[in-house]
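A.B. asks: For the record, the sequence lines run as chains A and B. For the first sequence, the numbering used here assigns the number 82 to the initial residue and increments by one for each residue that follows. For the second sequence, the numbering used here assigns the number 82 to the initial residue and increments by one for each residue that follows.
These are computed hints drawn from the structure, not numbers from a lab. It cannot be assumed that every hint is accurate.
Where chains are identical, the list cannot tell them apart; a pair therefore holds if satisfied intra-copy or between any two copies.
Derived pair list, reagent style SDA-like, types lysine to any residue, alpha-carbon separation capped at 20 Å [what the hints assert, rightly or not]:
#, residue 1, residue 2
1, 154, 90
2, 188, 84
3, 227, 146
4, 227, 215
5, 188, 200
6, 191, 84
2 protein chains.
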Amino acid sequence: MGILENPDEYFMEAALREARAAAEEDEVPIGAVIVAGGNIVARAHNQTERLNDATAHAEMLAFTAASEYLGAKYLGDCTLYVTVEPCPMCAGAAGWTQVGRIVYGAKDPKRGYSTVGTGMLHPRTEVVQGVLADECEWLMKEFFKKKR
Amino acid sequence: MGILENPDEYFMEAALREARAAAEEDEVPIGAVIVAGGNIVARAHNQTERLNDATAHAEMLAFTAASEYLGAKYLGDCTLYVTVEPCPMCAGAAGWTQVGRIVYGAKDPKRGYSTVGTGMLHPRTEVVQGVLADECEWLMKEFFKKKR
């Protein structure tokens, strides 16, 4: 899918490449990119095992990288693309960064932020869900199937 | 207060020293320490301005530092001392680390995690609130009074 025809799918493909890189490193396969002005300004995947840090989720690493790259604490003009619904920690981080949009793929019915509430997001943040959800979910299911 | 008479106040004093260091750097004055086996294994204060990163809260920095120091992703044997009630992001991070206890000083009626819910904490995490709350709150009030 080209960037002009469907930018959300185009950037979710980039997040999926990050998720696949995570799977190859035996990390929970979740990937994220942050986009500003049509350009990817941060790419990250889950690194909780490699960094031995339970907080090293794709979104947290991407927010920090985007702020570093842009020299900006607030990311109101950015969109976060992430393959799986953010957890409450990452949704809370999204709230602090005031990220303008969140586009995610698969729902996380167990640990997604919406299981707790939506009060951690900034009131102006737009949320879109379900973009390339099947592939995002498939990666997670395959990963946990192998772990069993 | 000595460590033997009242360990919670003793370690909260250490968190307060971090909060005061934050105030001196013109950061929101919140400090945290993480304790394992009676020893402080991580100290941190809010660094959102210095790092230009809206996610650089005292607790986040302390969790990452404690995991690094202990070589452990899970902090079930640790206590987090923090001068102000954690926000949803930091409570979510506490959930992922499975930290054994959280002791905090002042309530945060606007942005504390309990305004959103408690589902982000690990079910086994014990929470104690109100330790040296007056001093913890005073630091915050003084800081924001000067900002006005």
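A.B. asks: All hints are to be evaluated individually against the structure, with a verdict given for each.
C.D. replies: Going through the hints against the structure:
When the C-alpha separation of residue 154 and residue 90 is checked against a cutoff of 20 Å, the pair qualifies neither within a copy, at 27 Å, nor between copies, at 34 Å. Within a single copy, residue 188 and residue 84 get their C-alpha atoms no closer than 24 Å, and across copies no closer than 46 Å, so neither meets the 20 Å cut-off. For the identical chains of this complex, residue 227 and residue 146 are neighbours neither inside a copy (31 Å) nor across copies (31 Å), given an alpha-carbon limit of 20 Å. For the identical chains of this complex, residue 227 and residue 215 are intra-copy neighbours only, at 18 Å inside a copy versus 51 Å across copies, given an alpha-carbon limit of 20 Å.
Taking CA atoms no more than 20 Å apart as the test, residue 188 paired with residue 200 passes in both settings, with 18 Å inside one copy and 17 Å between copies. Taking identical chains as interchangeable, the C-alpha atoms of residue 191 and residue 84 are never at most 20 Å apart, the minima being 32 Å within one chain and 40 Å between chains.
Consistency with the previously given hints fails for numbers 1, 2, 3 and 6, ordered from lowest to highest.
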